[in-house]
Amino acid sequence: EPEAAAQELPAESAGRPVALITGGTSSLGMAVAGELARRGWSIFFQHSASPTEAHAAETAIGRAADAAGADIQIASLQADLAVSADREQLVEGVLETFGRVDMLVNVAAGTANCGQDLLELSETAYQSVMDSVLASTLFLTQRVASEMVRLVEAGMIESPKIVTVNSIYAYTTSVDEAATSIAQSALAMLTRLFADRLGEYGIGVYEVRAGILAAGPADSAYAKYDSLIAQGLTPIRRWGRPGDVARAIAAIAEDLLGFSTGQVIDVDGGFHLRRL
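Okay, so the sequence shown: first residue is 151 according to the working numbering, each after it adds one.
Calculated from the structure, these hints are not laboratory results.
Be careful, since some hints might not be right.
Distance ranges between label pairs, derived from CB positions [what the hints assert, rightly or not]: (1) Gln292 / Phe409: 36 to 44 Å; (2) Asp230 / Leu268: 37 to 45 Å; (3) Thr274 / Gly305: 28 to 36 Å; (4) Met306 / Leu378: 42 to 50 Å; (5) Gly249 / Glu270: 27 to 35 Å; (6) Asp230 / Ala364: 23 to 31 Å; (7) Thr274 / Asp405: 38 to 46 Å; (8) Gln413 / Gly249: 41 to 49 Å; (9) Asp267 / Gly408: 37 to 45 Å.
What you are looking at is a predicted structure, and each value in this text was computed from that prediction instead of being measured.
Positions of the beta carbon are idealized from the N, C-alpha and C atoms, including for glycine.
Given these sequences and hints, build the entire structure.
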């Protein structure tokens, strides 16, 4: 059963904006949390890791905030985003801990992989990806958006934001990742739909579409993509880094895209140019 690391807030940090981040113990989730923490955002992150790993992530995020002199609070919750009751506990957890949620960052949505060839894709594997990528993102976003509307109408928050981290699988075919491609192409429409529905409340909705992010040499695909990048697969000839994605999300958090919504922000070294 999920357990929240809740805490009583000191008065000086009670008015800080709060970001709810999924996939908070992943390298990308920690980069996003650290970047926002440095900028004065309190963090509530979801994870599916061990308590030890979650504590390590909280410590790393806290150090990032301390280094920037940011007086923020951090809490976390272990939850399975594919389970309705866990999603409900996640939303209740952030509200009970902080009393508000100013930003939702769906990091976990962009990290699932299936690894089955299209002609061998099983219904079980397909449904698992749909649940973990698409359904969980849809219904968590729906739930958080409803709370944001309530908080906006009560005058408790202004200009909240929803960001979904997607990937180039949203438009790039990969027969070994068919289920992922299908789910992530649907995520792109999900962003547009929520942007349409929530605009009247001043809630900005964005998709940050990540490219090929850095992997270690032990990764089975490392050599393949390292060579392709060196040969010019992307105009910017280097691996993407979690920090590249995190800084794009920070720009949204800082209201630098306040007159944009439903926007796709490509963080892919130029892969989206579809160069010949």
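Cross-check of the supplied hints:
1. Checked against the hint of 36 to 44 Å, the C-beta distance between Gln292 and Phe409 comes to roughly 25 Å, which is inconsistent with it.
2. Between Asp230 and Leu268 the CB atoms are about 27 Å apart, so this pair departs from the stated range of 37 to 45 Å.
3. Between Thr274 and Gly305, the C-beta spacing of about 47 Å breaks the proposed range 28 to 36 Å.
4. In this structure the hint that Met306 and Leu378 lie 42 to 50 Å apart at CB holds, the actual value being about 48 Å.
5. Between Gly249 and Glu270 the CB atoms are about 49 Å apart, so this pair departs from the stated range of 27 to 35 Å.
6. Separated by about 27 Å at the C-beta atoms, Asp230 and Ala364 satisfy the suggested range of 23 to 31 Å.
7. Hint check: Thr274 to Asp405, Cβ distance near 43 Å, so the stated range 38 to 46 Å holds.
8. For Gln413 paired with Gly249, a C-beta distance near 29 Å fails the hint of 41 to 49 Å.
9. At about 44 Å, the beta-carbon gap between Asp267 and Gly408 stays in the expected band of 37 to 45 Å.
The structure is inconsistent with the numbered hints 1, 2, 3, 5 and 8, although it conforms to all the rest.
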